[in-house]
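Asker: For reference, the chains in residue letters:
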Amino acid sequence: RKEVEQDPGPFNVPEGATVAFNCTYSNSASQSFFWYRQDCRKEPKLLMSVYSSGNEDGRFTAQLNRASQYISLLIRDSKLSDSATYLCVVNSGGGNKLTFGTGTQLKVEL
Amino acid sequence: NAGVTQTPKFQVLKTGQSMTLQCAQDMNHNSMYWYRQDPGMGLRLIYYSASEGTTDKGEVPNGYNVSRLNKREFSLRLESAAPSQTSVYFCASSVWGRDTQYFGPGTRLTVL
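Chain order of the listed sequences is C and L.
Mind the numbering: the first sequence is residues 123 to 232 in this note's numbering, read in order.
Mind the numbering: the second sequence is residues 6 to 117 in this note's numbering, read in order.
For the record, the hints were derived by calculation from the structure and aren't laboratory data.
The beta-carbon is built from N, C-alpha and C at its ideal position, and this holds for glycine as well.
One or more of the hints may lead you astray.
[Said to hold, decoys possible] Under the rule of at most 30 Å between Cα atoms (straight-line distance), these lysine-lysine pairs were calculated in the DSSO-like manner:
# : chain 1 : residue 1 : chain 2 : residue 2
1 : C       : K164      : C       : K219
2 : C       : K201      : L       : K19
3 : C       : K229      : L       : K14
4 : L       : K62       : L       : K14
5 : C       : K124      : L       : K62
6 : L       : K19       : L       : K62
[Said to hold, decoys possible] Pairwise CB distance ranges (calculated):
#  : chain 1 : residue 1 : chain 2 : residue 2 : range
7  : L       : P88       : C       : L168      : 29 to 35 Å
8  : C       : K124      : L       : T10       : 16 to 22 Å
9  : L       : T105      : C       : N134      : 27 to 33 Å
10 : L       : G68       : C       : D199      : 22 to 28 Å
11 : L       : N70       : C       : N134      : 39 to 45 Å
12 : C       : L168      : L       : T10       : 34 to 40 Å
13 : C       : N144      : L       : M46       : 17 to 23 Å
14 : C       : S171      : L       : M46       : 38 to 44 Å
15 : C       : D161      : L       : T105      : 33 to 39 Å
16 : C       : L232      : L       : K76       : 45 to 51 Å
17 : C       : K229      : L       : R82       : 36 to 42 Å
18 : L       : V100      : C       : A142      : 37 to 43 Å
19 : C       : E231      : L       : V17       : 17 to 23 Å
20 : L       : T12       : C       : D199      : 35 to 41 Å
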């Protein structure tokens with residue numbers, strides 16, 4: 123079983139739609155959780171950290187469920203510019219070493 | 006403030022050739038990392054350097070060597086390139102003890 127698993131998609135949604143991605147992780151000792159965004163042929167960039175209490179940044183909401191070992195990302199009012207691959211990232215307690223999921227591709231269409 | 010820079014951006018090698026990928030950061034970070042990204046595999050850690058003077062193996066170190074030249078620079082060397090090393094290579098840096106990593110633009114390497 124992969125340490126971090128994501129549905130690869132693609133998720134094709136119309137502009138203005140709400141879309142949600144889930145990610146599961148296998149190591150129950152994992153300490154920190156993140157969503158990174160990666161545009162086509164570009165480097166990953168931090169989108170947001172994920173906290174136990176859930177957190178929101180504008181149209182983006184991240185949730186963590188430690189009991190079920192999954193993380194979610196909700197995007198409201200999707201924009202064309204949201205089209206990208208979203209990487210679920212987990213720090214499983216090895217210092218600063220991060221484990222990356224393979225990513226979920228989002229395509230927002232007119 | 007350039008962040009993390011990588012050279013070259015693209016490279017084509019023949020099997021058996023050697024090359025060094027360069028990475029530099031100007032954010033005064035003490036930790037640096039090398040990843041490779043392959044389709045369907047996600048980013049995988051090759052080597053990392055928690056601080057100047059230290060290097061450690063990551064998940065996929067075979068076929069690679071690294072040098073932490075100083076606090077700013079961390080290079081990745083392929084001594085004898087193989088087609089299996091065809092990939093996109095990303096360098097990243099962070100403050101040790103902080104999870105957020107900042108990535109360079111990547112090097113696209115093809116080994117024929």
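Asker: None of the hints should be skipped; say for each whether it holds.
Answerer: Structure-based check of all given hints:
The straight-line distance between the Cα atoms of K164 of chain C and K219 of chain C is roughly 21 Å, inside the 30 Å bound, and the hint therefore holds. Annotation: proposed proximity of K201 of chain C to K19 of chain L is violated, straight-line Cα distance about 43 Å (limit 30 Å). Taking the CA atoms of K229 of chain C and K14 of chain L, the gap is about 26 Å. The hint holds against a cut of 30 Å. About 24 Å separates the Cα atoms of K62 of chain L and K14 of chain L, which keeps this hinted pair within 30 Å; it holds.
For the hint pairing K124 of chain C with K62 of chain L, the CA-to-CA distance comes to about 20 Å; that is within 30 Å, so the pair holds. Proximity of K19 of chain L to K62 of chain L is assessed by CA-CA distance (about 25 Å); at most 30 Å being required, the pair is judged to hold. Checked against the given bound of 29 to 35 Å, the beta carbons of P88 of chain L and L168 of chain C, roughly 33 Å apart, stay inside it. Restraint check, K124 of chain C to T10 of chain L: a C-beta distance of roughly 31 Å breaks the suggested window 16 to 22 Å.
Judged by the Cβ atoms, the range 27 to 33 Å given for T105 of chain L and N134 of chain C holds: they are separated by roughly 30 Å. Our hint of 22 to 28 Å for G68 of chain L and D199 of chain C is violated, since their Cβ atoms are close to 46 Å apart. At about 43 Å, the beta-carbon gap between N70 of chain L and N134 of chain C stays in the expected band of 39 to 45 Å. Checked against the hint of 34 to 40 Å, the pair L168 of chain C and T10 of chain L fails, with Cβ atoms roughly 18 Å apart.
Look at N144 of chain C against M46 of chain L: about 20 Å separates their beta carbons, and that is inside 17 to 23 Å. Taken as a hint, the range 38 to 44 Å is violated for the pair S171 of chain C and M46 of chain L, whose Cβ atoms sit roughly 24 Å apart. The hinted range of 33 to 39 Å is not satisfied by D161 of chain C and T105 of chain L, whose Cβ atoms lie roughly 18 Å apart. At roughly 47 Å, the beta-carbon separation of L232 of chain C and K76 of chain L lies within the given 45 to 51 Å, and the hint holds.
Between K229 of chain C and R82 of chain L, the C-beta spacing of about 38 Å keeps the proposed range 36 to 42 Å intact. Between V100 of chain L and A142 of chain C the CB atoms are about 31 Å apart, so this pair departs from the stated range of 37 to 43 Å. As the Cβ distance of E231 of chain C to V17 of chain L is approximately 35 Å, the hint placing it in 17 to 23 Å is violated. At about 39 Å, the CB distance of T12 of chain L to D199 of chain C agrees with the hint of 35 to 41 Å.
In this structure, the earlier hints numbered 2, 8, 10, 12, 14, 15, 18 and 19 are contradicted, and the remaining ones agree with it.
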